[in-house]
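Chemist: The residues making up each chain are set out below.
2 protein chains.
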Amino acid sequence: MKPESRKQEIVNAAAILFKEKGYSAVTMRDLATAMGIKAASLYNHIQSKQEILSTIIIELAEEFTTGMNLIVNSDQSAIRKLENIISLHIDVTLRNADGLASLNNDWMHLEEENLLSFEKMRNDYEENFRQIVRKGVDAKEIKSNNIEIIVFSTLSTLRTLYLWYPKQKNIDAGILKKDMIAVLLQGVV
Amino acid sequence: MKPESRKQEIVNAAAILFKEKGYSAVTMRDLATAMGIKAASLYNHIQSKQEILSTIIIELAEEFTTGMNLIVNSDQSAIRKLENIISLHIDVTLRNADGLASLNNDWMHLEEENLLSFEKMRNDYEENFRQIVRKGVDAKEIKSNNIEIIVFSTLSTLRTLYLWYPKQKNIDAGILKKDMIAVLLQGVV
Numbered sequence: 001m002k003p004e005s006r007k008q009e010i011v012n013a014a015a016i017l018f019k020e021k022g023y024s025a026v027t028m029r030d031l032a033t034a035m036g037i038k039a040a041s042l043y044n045h046i047q048s049k050q051e052i053l054s055t056i057i058i059e060l061a062e063e064f065t066t067g068m069n070l071i072v073n074s075d076q077s078a079i080r081k082l083e084n085i086i087s088l089h090i091d092v093t094l095r096n097a098d099g100l101a102s103l104n105n106d107w108m109h110l111e112e113e114n115l116l117s118f119e120k121m122r123n124d125y126e127e128n129f130r131q132i133v134r135k136g137v138d139a140k141e142i143k144s145n146n147i148e149i150i151v152f153s154t155l156s157t158l159r160t161l162y163l164w165y166p167k168q169k170n171i172d173a174g175i176l177k178k179d180m181i182a183v184l185l186q187g188v189v
Numbered sequence: 001m002k003p004e005s006r007k008q009e010i011v012n013a014a015a016i017l018f019k020e021k022g023y024s025a026v027t028m029r030d031l032a033t034a035m036g037i038k039a040a041s042l043y044n045h046i047q048s049k050q051e052i053l054s055t056i057i058i059e060l061a062e063e064f065t066t067g068m069n070l071i072v073n074s075d076q077s078a079i080r081k082l083e084n085i086i087s088l089h090i091d092v093t094l095r096n097a098d099g100l101a102s103l104n105n106d107w108m109h110l111e112e113e114n115l116l117s118f119e120k121m122r123n124d125y126e127e128n129f130r131q132i133v134r135k136g137v138d139a140k141e142i143k144s145n146n147i148e149i150i151v152f153s154t155l156s157t158l159r160t161l162y163l164w165y166p167k168q169k170n171i172d173a174g175i176l177k178k179d180m181i182a183v184l185l186q187g188v189v
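One line per chain: the protein sequences are A and B, in this order. For the first sequence, the positions run 1 to 189 when the UniProt record's numbering is used. For the second sequence, the positions run 1 to 189 when the UniProt record's numbering is used.
It should be emphasised that the hints constitute simulated quantities derived from the structure, not laboratory data. Check the hints yourself; a few may be wrong.
It does not matter which identical chain is meant; a pair holds if it fits inside one copy or across any two.
As the list claims (entries may be wrong) - Once the Cα atoms are required to be at most 20 Å apart in a straight line, the calculated EDC-like pairs of lysine to aspartate or glutamate come out as: (1) Lys177 / Glu148; (2) Lys143 / Glu83; (3) Lys21 / Asp106; (4) Lys135 / Asp179; (5) Lys169 / Glu127.
Please model the entire structure based on the sequences and the hints provided.
Modeler: Following this line, the structure appears as structure tokens:
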């Protein structure tokens, strides 16, 4: 692994503070204190708290967008596509649960074009998910329940993974992926 | 339907404001303004903002506790118990989605014994849910996936229903109940 850049260290430390206190309550001074450096030296690497927030959230949103585009444009079955979406969420959660807290709780504090860009990516993501489910139902690969209920039931679980998984001590990533795919796709009974 | 008491009207109006701005940001003055009355007259019915919050949350927590106790002590199969838990969440969401926003977002602002009481009810609820799943797995009614993953996958969906369902215009309560039970229990494929 290559060493993290100073900017990346700042972003990671900020994500933890944003998760604990919320974006609005964190100051650049808090961030400097948490990192044991002077507030002024943060500005050698970053322009503003807003730049940190948008770095965290837009990078994550782009990661989901790239992953979803690969999945939706593949030739696989709807079921395989859903499995890959579940894996995508688990992989991102394992890598960056702190950043996902910002994405979920503080996206509304993004400004101007970053806010618009985020909202577009989120909407496109949901629409791609819905399309996969709809085509799967049409092809009779997926049972014909209400499509919005299917999308919501799956996404609500995947989107709160970042809150739950870090507290689990006895579930390794392999079990998580295997059993979450089984539970979400095949059900529990 | 009997007319709401003045206290209930205050509680309902407060739940909407707490949902929109968060408990901490709402003042008794905001609440009076929203209701078109004088702040002083709120105090004829209620002692404090904290009393309103605890009324909202503890009543809901007791509703879930009572429902869960009936379910867990019944003689039904594990599957039927899970169906009844899903119905319970849907019924409470249909009746009081605004209050559920307070329960989910502002429970940590409860004070002293109300906080302890809430946390105990929430923990007992989860433990009862876990027991139902465990017994269902032991009896081979429920597939043998990781129990924590089963509980999380189901509860994460039920707990975010209050956010999603009020925005749905084309899903009536009957379809919601039928299809959500199908999706959560039988899966999508």
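Chemist: State for each hint whether it applies.
Modeler: Status of each hint after checking the structure:
Within a single copy, Lys177 and Glu148 get their C-alpha atoms only as close as 23 Å, which misses the 20 Å cut-off; across copies the closest is 13 Å, which meets it. In the homo-oligomer, the alpha carbons of Lys143 and Glu83 lie at most 20 Å apart both inside one protomer (16 Å) and across protomers (18 Å), since each shortest distance falls under that limit. In the homo-oligomer, the alpha carbons of Lys21 and Asp106 lie at most 20 Å apart both inside one protomer (11 Å) and across protomers (14 Å), since each shortest distance falls under that limit. Taking the shortest Cα distances, Lys135 and Asp179 sit within 20 Å of each other only across copies (18 Å), while inside one copy they are farther apart (24 Å).
Only between protomers do Lys169 and Glu127 lie at most 20 Å apart by alpha-carbon distance; the minimum there is 17 Å, versus 34 Å within a single protomer.
Checked against the numbered hints listed earlier, the structure breaks none of them; every hint is satisfied.
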